[in-house]
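J.: Same order as they appear, the protein sequences are chains A and B.
Residues 0 to 128, numbered by numbering that gives the first Met the number 0, are exactly what the first sequence covers, in order.
Residues 0 to 161, numbered by numbering that gives the first Met the number 0, are exactly what the second sequence covers, in order.
Since the hints were made in silico from the structure, they are not lab data.
We put the CB at the ideal spot given by N, CA and C, even for glycine.
Accuracy of the hints is not assured; some may be wrong.
Stated by the list, open to error - Okay, derived cross-link-like pairs now, SDA-like style, lysine to any residue, Cα gap no bigger than 20 angstroms in a straight line: (1) A:K44 to B:K20; (2) A:K44 to B:Q69; (3) A:K74 to A:S17; (4) A:K8 to B:V38; (5) A:K21 to B:L92; (6) A:K8 to B:E62; (7) A:K8 to A:F96; (8) A:K74 to B:D1; (9) B:K20 to A:R94; (10) A:K44 to B:E35; (11) A:K21 to A:Q36; (12) A:K80 to A:F96; (13) A:K74 to B:L27; (14) A:K8 to A:A90; (15) A:K44 to B:P115; (16) B:K20 to A:R54; (17) B:K20 to A:D64; (18) A:K74 to A:L47.
Unchecked claim - Which stretches of chain A does chain B cover? Using the computed rule of at least three CB atoms under 8 angstroms from a CB of chain B, they are: (19) 7–18; (20) 24–31; (21) 64–76; (22) 82–89.
To be verified - Facing chain A, according to a computed beta carbon distance under 8 angstroms, are these residues of chain B, among others: (23) D6; (24) E10; (25) A64; (26) L68.
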Amino acid sequence: MSQLDQMRKGSTDFLILSLLMKRPMYGYEIIQQIERQSGGYFDMKEGLLYPALHRMQQNGWLSSDWRSVDGRRRKYYAVTKLGEEVLGEQAAEWRTFLDQLYALLGANEYGPNNDRPGAGEYQPAPAPE
Amino acid sequence: MDPITIDQVLENISRRLHLSKETETEVLAEIRTHLEDAVADAARRGEDEQAALQQAAAEFGIEEAGDELQNVHANWEALGPIGLTALPVLFALILRWLVFAPDGSAANWLQVLDQPVFLTLAIAAMIIPAYLLHLRRLALVGWGVFWLLTIIFVVFPSINHW
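Go ahead and model the full structure; you've got the sequences and the hints to work with.
T.: Right, here's the structure in full:
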């Protein structure tokens, strides 16, 4: 698993909770929305989504109910009160993580606020003499 | 690549699951809807439905998804039998505590039947496993165990005290 895949996997719960805060959704819809809203950057695989949804439901973060829409029965997930609290905690953790990361990056040539040409692009450190 | 059907995909996932029938049926029903949505979307876009199903099945990662779902639910389902074993024993112990005084003398069993707490216990022994653990058939077994324990350890000893 690549580093990017690991980062995506690590953000699965946060992404799902954030999305479901807007309204209840079913699995296929969650995948579509995540892909659409991230412009394809987050491409959540079904094999990752459903175990995550079921685990989050068992943790009490999500509730679910079966609804018939357009003649098809679908399992809709919604965020519970506990899920809202978890989302708040995770959002704070992500904010701190990103602040710290940007603070570190900002202090060197890879920083996001560095406006020199090529800033933000990876360049290997010069080999020691 | 050989053509596949949704039923075949579900059967492959089902082989990796060893859960209660109720849980497995619900998990597979959800995956079926997902695959049907993927195929219907492909048809709307004018794409080949079989190719869409092959892709959806591949993205599901049958082995990984099956194993992950098994792990998620197996851990949770293990709590059911533990609870179903513990609850009847707990309720029978409470009942015994109600019937027998600390000095070993027993209350009249028929008087205990009239007490609201007895009714509450009997209902709780049925409702808690059935609705909190979602294992209705096992809840019935647990309720039977509760009565068996009650008759052996509460009713018979209290009759001998009369």
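J.: Work down the list of hints and note, for each, if the structure agrees.
T.: A quick look at each hint next to the structure:
A threshold of 20 angstroms between alpha carbons decides the hint, and for K44 of chain A with K20 of chain B the separation of about 26 angstroms lies outside it, so the pair is violated. Taking the CA atoms of K44 of chain A and Q69 of chain B, the gap is near 17 angstroms; set against the 20 angstroms cutoff, the hint holds. Of the pairs offered as hints, the one joining K74 of chain A and S17 of chain A holds, with about 18 angstroms between alpha carbons and a cut-off of 20 angstroms not exceeded. Simply put, K8 of chain A and V38 of chain B have alpha-carbon atoms about 26 angstroms apart, too far for the 20 angstroms limit, and the pair is violated.
Straight-line distance between C-alpha atoms of K21 of chain A and L92 of chain B comes to about 47 angstroms, which puts the hinted pair past the 20 angstroms bound. Only pairs whose Cα atoms come within 20 angstroms are accepted, and K8 of chain A paired with E62 of chain B is accepted, the gap being roughly 18 angstroms. Distance check on the hinted pair: K8 of chain A and F96 of chain A sit about 16 angstroms apart at the alpha-carbon level, within 20 angstroms; holds. For the given pair, K74 of chain A sits about 30 angstroms from D1 of chain B by alpha-carbon distance, which is inconsistent with the 20 angstroms threshold.
For a cut-off of 20 angstroms, the pair hint linking K20 of chain B to R94 of chain A is broken: about 42 angstroms separates their Cα positions. At roughly 16 angstroms between alpha-carbon atoms, K44 of chain A and E35 of chain B fall within 20 angstroms of each other, so this suggested pair holds. Distance restraint check for K21 of chain A and Q36 of chain A: the Cα-Cα separation of roughly 13 angstroms lies within the 20 angstroms cut-off, and the hinted pair is therefore satisfied. In summary, the hint linking K80 of chain A to F96 of chain A is not supported, as the alpha carbons are separated by about 24 angstroms, beyond the 20 angstroms threshold.
A C-alpha spacing of about 11 angstroms is found between K74 of chain A and L27 of chain B, which places the hinted pair at or below 20 angstroms, so the restraint holds. At most 20 angstroms may separate the alpha-carbon atoms for a hinted pair to count; K8 of chain A and A90 of chain A meet this at roughly 16 angstroms. For the proposed pair K44 of chain A and P115 of chain B, the alpha carbon gap of about 53 angstroms is over 20 angstroms, so the pair is violated. Our distance criterion of 20 angstroms between C-alpha atoms is met by K20 of chain B and R54 of chain A, whose separation comes to about 19 angstroms.
Restraint check for K20 of chain B and D64 of chain A: the C-alpha separation of about 19 angstroms stays at or below 20 angstroms, so the hint holds. With a C-alpha separation of about 17 angstroms, the suggested pair K74 of chain A and L47 of chain A falls inside the 20 angstroms cut-off, and the hint holds. Residues of the segment 7–18 of chain A lying with their CB closer than 8 angstroms to a CB of chain B number 0, which falls below the three-residue condition for coverage. Check result for the segment 24–31 of chain A against chain B: holds, 3 residues qualifying (beta carbon to beta carbon below 8 angstroms, three or more required).
Look at the segment 64–76 of chain A against chain B: 4 of its residues bring a Cβ nearer than 8 angstroms to a Cβ of that chain, three or more, so the hint holds. For a cut-off of 8 angstroms, the count of residues in the segment 82–89 of chain A with a CB near a CB of chain B stands at 0, and the three-residue condition is violated. Against a cut-off of 8 angstroms between C-beta atoms, the interface hint on D6 of chain B is violated, since the closest Cβ of chain A lies about 17 angstroms away. Residue-level restraint check for E10 of chain B is violated (minimum Cβ-Cβ distance to chain A is 17 angstroms; threshold 8 angstroms).
For A64 of chain B, the suggested interface contact is upheld, since its CB lies about 4 angstroms from the closest CB of chain A, less than 8 angstroms. Interface hint at L68 of chain B: satisfied, since its Cβ lies 5 angstroms from the closest Cβ of chain A, which is below the 8 angstroms cut-off.
Comparing the model with each numbered hint stated earlier shows that hints 1, 4, 5, 8, 9, 12, 15, 19, 22, 23, 24 do not hold.
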